[in-house]
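Peer 1: Here is how the chains run, residue by residue.
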Amino acid sequence: MSHSTVSGGARGGGIGAFVRDERAPALPAPAATIGGFGWLRANLFSTPFNALLTLATVALALLIIPPLVRFLIIDAVWEGADRDACLVSEARPVVGACWAFARDRLAYFVYGSFPIPERWRVDVFFVFLALSIIWILRIDAPRRDLAAWNFFVVLPSVSIVLLSGAKLIGLAPVDTTLWGGVLVTIVVASVGIVVSLPLGVLLALGRRSTMPAVRLVCTLFIEIVRGVPLITVLFMASVMLPLFVPPVWTPDKLIRALVGIALFASAYMAEVVRAGLQAVARGQYEAAAAVGLGYWQLMRFIVLPQALRVTIPNIVNSYIALFKDTTLVFIVGIFDLLKTIEVARADPQWATPVTSTTGYAIAAIFYLTFCYMMTRYAMRVERRLGVGLGR
Amino acid sequence: MNRVLTLLGIAGAAILITSASIAQTLNTVKTRGSLSCGANGQLPGFGLPDAQGNWKGFDVDYCRALAAAVFDDPNKVKFVALTAKDRFTALQSGDVDVLVRNTTWTSSRDTQLGLNATGVNYFDGQGFMVRKALKVNSALELNDAAICVQQGTTTELNLGDYFRANRMRFKTVTFASVDEALAAYDSGRCDAYTTDASGLYGVRLKLAKPDDHIVLPEIISKEPLSPFVRHGDDQWFDIVKWAHFALVNAEELAISKANVDEQIKSINPEIKRLLGAEGNFGEQLGLTKDWVYRMVKHLGNYGEIFERNIGQGSPLKITRGLNSLWTKGGLQYGMPLR
Amino acid sequence: MSRVSGRDRPQISLLFDPKVRSVIYQAVLLGLVGLVVYAAASNAIDNLARAKIASGFAFWNHTAGFEISQTLIAYSSQSSTYGRAFWVGLLNTLLVAGLGIAFATIIGFIVGIARLSSNWLVARLAGFYVESVRILPLLLQLLFWYNAVLKALPELRDSVVLPFGGYLNNRGLFLPRLDVAPGFDLVLAALVIAGIGAVALRLFSRVHQRRTGRRLPVVTVTLVLILTIPALVFLAAGAPVTVRYPQVGRFNISGGIEILPEFVALLVGLSIYTAAFIAEVVRAGIVAVSRGQMEAAQALGLRRGLALRLVVIPQAMRVIIPPLTNQYLNLTKNSSLAVAIGYPDFVQIFTGTVLNQTGQAIEVVALTMAVYLTISLGTSFLLNLYNARVALVER
Chain A
21 MSHSTVSGGA RGGGIGAFVR DERAPALPAP AATIGGFGWL RANLFSTPFN ALLTLATVAL
81 ALLIIPPLVR FLIIDAVWEG ADRDACLVSE ARPVVGACWA FARDRLAYFV YGSFPIPERW
141 RVDVFFVFLA LSIIWILRID APRRDLAAWN FFVVLPSVSI VLLSGAKLIG LAPVDTTLWG
201 GVLVTIVVAS VGIVVSLPLG VLLALGRRST MPAVRLVCTL FIEIVRGVPL ITVLFMASVM
261 LPLFVPPVWT PDKLIRALVG IALFASAYMA EVVRAGLQAV ARGQYEAAAA VGLGYWQLMR
321 FIVLPQALRV TIPNIVNSYI ALFKDTTLVF IVGIFDLLKT IEVARADPQW ATPVTSTTGY
381 AIAAIFYLTF CYMMTRYAMR VERRLGVGLG R
Chain B
6 MNRVLTLLGI AGAAILITSA SIAQTLNTVK TRGSLSCGAN GQLPGFGLPD AQGNWKGFDV
66 DYCRALAAAV FDDPNKVKFV ALTAKDRFTA LQSGDVDVLV RNTTWTSSRD TQLGLNATGV
126 NYFDGQGFMV RKALKVNSAL ELNDAAICVQ QGTTTELNLG DYFRANRMRF KTVTFASVDE
186 ALAAYDSGRC DAYTTDASGL YGVRLKLAKP DDHIVLPEII SKEPLSPFVR HGDDQWFDIV
246 KWAHFALVNA EELAISKANV DEQIKSINPE IKRLLGAEGN FGEQLGLTKD WVYRMVKHLG
306 NYGEIFERNI GQGSPLKITR GLNSLWTKGG LQYGMPLR
Chain C
26 MSRVSGRDRP QISLLFDPKV RSVIYQAVLL GLVGLVVYAA ASNAIDNLAR AKIASGFAFW
86 NHTAGFEISQ TLIAYSSQSS TYGRAFWVGL LNTLLVAGLG IAFATIIGFI VGIARLSSNW
146 LVARLAGFYV ESVRILPLLL QLLFWYNAVL KALPELRDSV VLPFGGYLNN RGLFLPRLDV
206 APGFDLVLAA LVIAGIGAVA LRLFSRVHQR RTGRRLPVVT VTLVLILTIP ALVFLAAGAP
266 VTVRYPQVGR FNISGGIEIL PEFVALLVGL SIYTAAFIAE VVRAGIVAVS RGQMEAAQAL
326 GLRRGLALRL VVIPQAMRVI IPPLTNQYLN LTKNSSLAVA IGYPDFVQIF TGTVLNQTGQ
386 AIEVVALTMA VYLTISLGTS FLLNLYNARV ALVER
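Protein chains in written order, with this note's numbering: chain A, 21 to 411; chain B, 6 to 343; chain C, 26 to 420.
Hints listed in this document are in silico derivations from the structure and should not be mistaken for laboratory results. A virtual CB, placed ideally from N, CA and C, is assigned to each residue, including glycine. Please note that a few of the clues may not be correct.
[Claimed, not checked] Here chain A is said to cover these stretches of chain C; the calculated rule only asks that three of the stretch's residues, wherever they fall, bring their Cβ under 8 Å from a Cβ of chain A: (1) 48 to 56; (2) 154 to 165; (3) 386 to 396.
[Unchecked claim] Sample of chain C residues lacking proximity to chain B, with all beta carbon distances greater than 12 Å (derived): (4) Leu119; (5) Thr247; (6) Val249; (7) Ala261.
[To be verified] Here are some of the chain B residues that sit facing chain A, going by a computed Cβ distance under 10 Å: (8) Lys35; (9) Gln47; (10) Pro49; (11) Gly50; (12) Thr94; (13) Ala95; (14) Gln97; (15) Gly99; (16) Ala188; (17) Leu205; (18) Lys211; (19) Asp239; (20) Gln317; (21) Ser319.
Please put together the full structure from these sequences, using the hints given.
Peer 2: See the structure below:
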C-alpha cells in the first residue's frame, strides 16, 4: 500500500524517498483555454475558417452600428417647434433623426383623429387589453379559465362599446373614420388574432372532414385566400364589397378591412392548425371512438388540446406575420400607425430631408418592440413544451 | 327540411333586396346627419389631417362648404381617405357622396366611369423640376433623361404623350408615394422629377438643398381639378356645381367671411340674390335661402379658401396664376346666380 | 342471428342517421355558398348597371401610353397595349421572384446551418439576423436597401468603368449585350447534345452504382461536358455573336444590358427577408432528424459530408419542403411591395398604373388575383410532386 501511496518527501531518504506522499497541486489550466481568451479561442477562432467568419462578422458590425447610432442618437434633433429645427444650418452641419417631429406628432401617431376629450377611452382600452393579455399568457396567473372567457368574449364586447361609444351610458359615439394610429393597428391586429384562431380551427377541421362537400368548400377557401396577396383581399373587401351587396348594407370601412384581415388570417391559421392535427397519433382518435365520444367531444377533449399544444409556436409566428401585415390596411385608406406617419411626414410644417427617415425609424422601433416580445413568448413556450415532452 | 328551406329563402331575400336607390343623395345626407366626403389624406394643402387629426386643405374646405350649405355646420363631414385606385369605386358604390380629391376632369371619367365633374376648382398642370447643375432650361432639353414620377392617373400618360409629341426618348422610375419618388430624385437616381405644378411647390421643402433645384417653365398637361358626383342625381349635381360658382361669385363681389354680415344688407341686387336676401335660389336647389351666406360665413369666399390653404397664408405659397378671377387675368368665372 | 337486419335496428328518426345528416349538412353548406355567390354577382351587375359603369375587358387592346423602365419583351409606350403591359409586368415579377427564390434558398440554407455552428459569434449572428429580419416589416427593409444601394453607387458623371465596356453608376449596371448572329444555332445544338449526354451519363451511373456500388464522378463530367462542347463549337463557328456596347449619352447610358438599382434593391431585400424564414425552416428540419441517424451513418463508415448528403438531408427535406413551399409563395406575393421602391413589377404596372388609367377596378383586381392564384397553385403543385417523392411511405 505504501508503495502505491504517495507518501513522505525527498527529505526522509530511504525507500519512500522518491515517492511523493502528497498530491501535487493542480496546475492552472493552460492560459489558452480559460478566461476570456480561452473562450474566444474555443468559440470564435477554433479553425481558420471560423476565425475568418468572426473577423468578417466584426467588420460588418462596425460598418452598420456606428452610423446607426450617430443618426439615431448623436446627430439627432430632440427639441424644436417646426421644420427649421431639423434643417441643416451653420450650427448643425449634420442632421440625424428629427425626434422633435416625433414628439410633436406623438399624440396623432397614437390616437389618430380620435376626438381629444374622448381619448381617455382609448387609454382605458389599452390598459384593459394589456391586462387581459398578461392574464391569459401568464402560465401561473390565477383563474386562467376565466382569462380565456375574458379575452375572447368580455374584452371584445367591452372594447366595442368603449371605443365606438353608446348613447345609453353617456359615451359619445366616435365614428371609426376618426380612429387612427397605434389604436387602429392594435384593433386590427387584435381582431385578427381573436377571430382567426377559432375560424382557423373550424376551417382546418373542415378540410379534414369526411364529408366531400365540406372538404371541398374549406379547401377551396383556404387555397384561394392563401394564393392571393393580402392587398388584393383587402382591396376586394374594402372597395368591392359595396358593389357586391345591396346599397342599404354598406358596412363601415374599418369593419370591411377587419373582415378581410380576419378571413386572410384564418386561412393561414387553418394550415397551422392542420399541421398540428396531423401530429396527433391515429390511436388517439381510435381510442376516443372506442370509448364512445362523438365528433365534437372527440375534437374538444382529445384532439384539439394536443394539436394546439404542439403548434403554439407556429400560432404565435402567424400572429407575428399578421401583426406586420396590418400595415397593409393603409392601402385602403385606413389610418393605421404607418399611414399616420405617412400623413405626418407629408405635412409641410415638418418637411425636411430627414422627416421620412425619422418616420420610418419610429415605425421600425414600434414593430421591433412588439414582434420581439411575441417571439420571446413563443420561444419560452417552445422551451416549456420541449421540457414537458421530455425531449 | 321545410324549415331549413324557409330559412334559406328568407336569407336569400334579405341579400337580394335592392332598396334605397342611391339617386337621392341630398336626402341620404340629411337623414344621415353628415356628409361623406372622399378626400386625399396625403396631399399637403389639399387634404391632410393635422397634428390633432383635423382635416385641413383646399379640397377639404370644399366639402366643409357643402356641409355648411346643407347643415349650417362645417364639421358635419365624415372624411374618407381615398387613394388614386379606390376613389372612383368608392364614389360609384355610394361609399362617399362627393369626391373632392384633386381629380382631373377628363372625358372618360365623365362617360365611362359614370361620373359627373361639377366644375374646375383648381387649374393645375404637370411640370418638371431639375437640378440646376444640369444646366437645363427647358423640358425640351430632357431627351434621354431619367424621370422620377409618382404613380398617378394621368401623370405617366402625360409624360409619355409629351415626349412622344416632341420625338424625345426618356426613362421613368415610378413610385407609389411622393416621398420615395422625391428621395430617389434627390439622391441622383433621376435627372428630373415630375408632378402636378401644385405639388412641386410642396416637395421643394423636402429636398436637402432646395436652392439647387429649379422648376422648368413648361407645363405639359392640362389638369383641371374638379369635384365629382355620380351620374343620375341631377339635384345633387346642381348643388355641388353651384356651390363652387357661388364661392367664386362671392369673391368677385368682395363678400368675405369678415364682411358677410354687412354685405347681406347691401343694396346690390347681385349680392342680395347670392346671399338669399332676395329670390329663393337656394330653395330651388333643395337647400335653404341662406346657403351661400352659410358657406361664406363659415369658410370664406373662393379666394380666402385658396389663400388660407395653399396660397400666401400657407407654407406652400402657391400663386393664384390661372386660378385668379377672370377679372384679374385668371380663369375662375362664376356663372351668374339668377 | 349473425346478421342484423333492417327490422331489428331500433327505430330512430331519419334526422339522426349519420348518413342522412351528412348529406343534409353538405347540401345546406353548398346551398349557402351558391346563394352568396349568386347574390354577390347579381348585386354587382345591378349596382354596375345603376351607376352606369362600363365593364368588360375592352381596355385590354387600348394603347397603354406609359413608359416602363424594365421590359423583358418588346414594349413601347406609343404602340403597345395594356395587354402587353400586363405581360411585361408579369415577366418582371416572375424574374425577381425566380431569382429571389434561388438566392433566398442559398442564403437560407447557409444561415440555417450557421445557426447550428460551433462558432459562438457566427451562431449568435445568424440568430440575430434571423430574429431581427423576421420581425421588421418588409416594406421598411426594402426602403432601407434601396437607399443603401443608391447611396453606395456613384453619380453618372463618376461612373465606374468596368472591363469589357461596362459601366456602373446610380442609374444601374450597364453591360455589353451579345446579339446572336447566324451560326449560333450550332452552338445551341451543341448545348442540347451535351445536355442529353449528361442525362445519359447520370442514368448510366445510377445503374452502375447499383451493380458495383461505386459512384461515378457525375457532377464533374457533366460540368465539363456542358461547358466545353458548346465552347469548342462556338470557337469553331467563328464566334457568331455581335457585341453591343453601352453608349454614354448626355443624361443616361443606353444600349447594352441594363440592370436597374431598383431591381437589385428588391432582389436583395426579398432574398434577405425570405432567407431568414427559410433559415428557420432549415434549422427545424435538421434538428428534427434524430442524432442516431448521423451516428449510425458514421458507424457504417460514411464520411461526414456523405452522411449529411445521403442520410441527414434527405430526411430533413421531408420536414423542410412543405413550409419551404409557403416561403416561396410568400416571396412571390411579397414582391408586390416593389411599387414602394420603383421596380415595375406586375402589381405596379397592372394593378397600379393600368387600374389608375382605366378605372376598371373589378376587372383589374380580379385578373390580379387570378394571376397570383395561378402562380401559387402552380408552385404548390410542383412542390407537392417533389414532396410526394421524398415523403415517408407509411402503412
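Peer 1: Now tell me, hint by hint, if it's right for this structure.
Peer 2: These are the hints, each one checked on the structure:
Counting residues of the stretch 48 to 56 of chain C whose CB lies closer than 8 Å to any CB of chain A gives 5, so the stated coverage by that chain holds, three being the minimum. Note: the stretch 154 to 165 of chain C has 9 residues with beta-carbon separation from chain A under 8 Å; the three-residue rule is met and the coverage holds. For the stretch 386 to 396 of chain C, the stated coverage by chain A is satisfied: 5 residues place a CB nearer than 8 Å to a CB of that chain, which reaches the threshold of 3. The claim that leucine 119(C) is not at the interface with chain B holds, since no C-beta of that chain comes within 12 Å of its own (minimum 19 Å).
At roughly 41 Å from the closest C-beta of chain B, the C-beta of threonine 247(C) stays outside 12 Å, upholding its exclusion from the interface. At the 12 Å boundary, the C-beta of valine 249(C) stays outside the reach of chain B, the nearest C-beta of that chain being 42 Å off. Residue-level check passed: alanine 261(C) sits 40 Å from the nearest beta carbon of chain B, beyond 12 Å. Checking lysine 35(B) against chain A: minimum C-beta separation of about 17 Å lies over 10 Å; hint violated.
The restraint placing glutamine 47(B) at the interface with chain A holds, with a minimum CB-CB distance near 5 Å, inside the 10 Å limit. For proline 49(B), the interface hint holds, since its Cβ comes within 10 Å of a Cβ in chain A; the closest pair sits about 5 Å apart. This hint holds: glycine 50(B) has a C-beta 7 Å from the nearest C-beta of chain A, less than the 10 Å allowed. Checking threonine 94(B) against chain A: minimum C-beta separation of about 5 Å stays under 10 Å; hint holds.
At about 7 Å, the closest approach between the beta carbon of alanine 95(B) and any beta carbon in chain A falls short of 10 Å, and the interface hint on this residue holds. Among the interface hints, the one on glutamine 97(B) holds; its C-beta lies about 8 Å from the nearest C-beta in chain A, closer than the 10 Å criterion. Restraint check, glycine 99(B) versus chain A: the minimum CB separation of about 5 Å is within 10 Å; hint holds. Using the Cβ-Cβ criterion of 10 Å, the hint placing alanine 188(B) at the interface with chain A is satisfied: the shortest such distance is roughly 7 Å.
Among the interface hints, the one on leucine 205(B) is violated; its C-beta lies about 13 Å from the nearest C-beta in chain A, farther than the 10 Å criterion. Interface restraint check: lysine 211(B) against chain A, minimum CB-CB distance 5 Å, threshold 10 Å, status holds. For the restraint placing aspartate 239(B) at the interface with chain A, the shortest Cβ-Cβ distance is roughly 19 Å, beyond the 10 Å limit, so the hint is violated. Hint status for glutamine 317(B) relative to chain A: violated, with the closest Cβ pair at about 14 Å, above 10 Å.
Residue-level restraint check for serine 319(B) holds (minimum Cβ-Cβ distance to chain A is 8 Å; threshold 10 Å).
Checked against the numbered hints given earlier, the structure breaks hints 8, 17, 19 and 20 and satisfies all the rest.
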